[in-house]
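Number of protein chains: 2
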Amino acid sequence: MPSNHTAFSIGYLIFHGFTSLDVWGPLAALNSLTMNETASLSLISQTMDPVWVDRSPIPLREGIASPEFYETVNPTHTFSTAPDLDIIIVPGGGATRNLNATQPYVDFLSSRWTDDLTFMMSVCTGASLLARTGKMDGRNATSNKAAFKWVMSTGPNVNWVKKARWVVDGNLWTSSGVSAGTDMMIGWIESEYGTDKATNLANLMEWNRMGQDNDPFAELYGLTDD
Amino acid sequence: MPSNHTAFSIGYLIFHGFTSLDVWGPLAALNSLTMNETASLSLISQTMDPVWVDRSPIPLREGIASPEFYETVNPTHTFSTAPDLDIIIVPGGGATRNLNATQPYVDFLSSRWTDDLTFMMSVCTGASLLARTGKMDGRNATSNKAAFKWVMSTGPNVNWVKKARWVVDGNLWTSSGVSAGTDMMIGWIESEYGTDKATNLANLMEWNRMGQDNDPFAELYGLTDD
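Protein sequences, first through last, are from chains A and B. Residues 1 to 226 in the UniProt record's numbering are what the first sequence spells out, letter by letter. Residues 1 to 226 in the UniProt record's numbering are what the second sequence spells out, letter by letter.
Fair warning: there could be bad hints in the mix.
Calculated lysine-lysine pairs in the DSSO-like style (CA-CA distance at most 30 Å, straight line) [claimed, not checked]:
no.: 1; chain 1: A; residue 1: Lys-197; chain 2: B; residue 2: Lys-163
no.: 2; chain 1: B; residue 1: Lys-162; chain 2: A; residue 2: Lys-163
no.: 3; chain 1: A; residue 1: Lys-197; chain 2: B; residue 2: Lys-162
no.: 4; chain 1: A; residue 1: Lys-149; chain 2: B; residue 2: Lys-162
no.: 5; chain 1: A; residue 1: Lys-162; chain 2: B; residue 2: Lys-197
Hint data in this document are derived by calculation from the structure and do not stem from the laboratory. All of these numbers come straight from a predicted model, not from anything done at the bench.
Just chain A, with the same shape it has in the complex (with noise of 0.2 Å):
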């Protein structure tokens, strides 16, 4: 664990097909942040290579109309020369669906998941990640309101809660779909930085906030807790 919160070494985690938002939404706020705020960012990926963003320009599935219709990241680390870490975020994406391809990254979630993690955190589907080291079980944990019935079942042990923006449980964050995992992690400076930095770079990003609690989507895809 860092000495102090300004210490943070931050992994996230990237692969092709992720979400671009559930990556550059959070980031936003943690690029805001450090502008100020020491922390060092590792993207982390299988290998060095560029990363595609939301889709491969040779479609990961039928139905895609525009594979020339792409974005490229760049890795900083792969798994075997990623550094100690004291924050790992997951993001999501429908390429977390090909069990085969994120089977490495699962793996590298179980050996990093350990009592020394000061944070993990999810966004989306990222969340079914988590869920399949088993790590997750017994825990609070939310996911993307449209994949939820599918991320439930990549966990069935996990408790997973419905209607929510985000969940907080100890210490592991996992937002809802794309959007929310910025509302989480302005959220979580908020938590670890205090109200005003939080909400200062909220209204440097126009963001309009949306509280832990306030999560209109969940009706709307139909699940209710019971």
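Dock chain B against chain A, hints included.
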């Protein structure tokens, strides 16, 4: 111009220090749209080198605490290799204040902003690059609220609209800061592809939409239209 809206050739400018969410908010919407609609995307930079997001590993200006906190993305085209474009989108960021570094982008915009262009769009302080071409003189536009007065100085003959989430003037679409670009893009998708499609993809993004006239940040930053 494309024979129909499904054939748009979209060029997104990227430069060192662009604000991450200015690109990946709108692109998250467009990436989702183009799961079912055909379009092409070019990420256009001065060179094919990776582009630093939000900041450089060498601080662009003093006071940035974490040069080890950065991400890079890859252009697909340079100014000289960019294809014919129907839509150009310009992000913002603190880097837009570097007039020398961004002049080649202004020159590119000047050369491509012709009557053949279907839509010109900017997010955040990207409007300053449009203003610097002189081609926005006399037209309605908006920009980032915290940086508004500086942006106004880059185009004194533009009709700057202080209070607006985004502004539409014919084929010119300009948004307020950072997150506002995503509301604008979802609004543009609604305008071009219909309400059902826009609503569906906003819900899949779990995006908390703000309407075109909903701009609490103008007042927050002391901007009032005379």
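Q: Find the hints from earlier in the document that the structure breaks and name them by number, from lowest to highest.
A: 2 and 4
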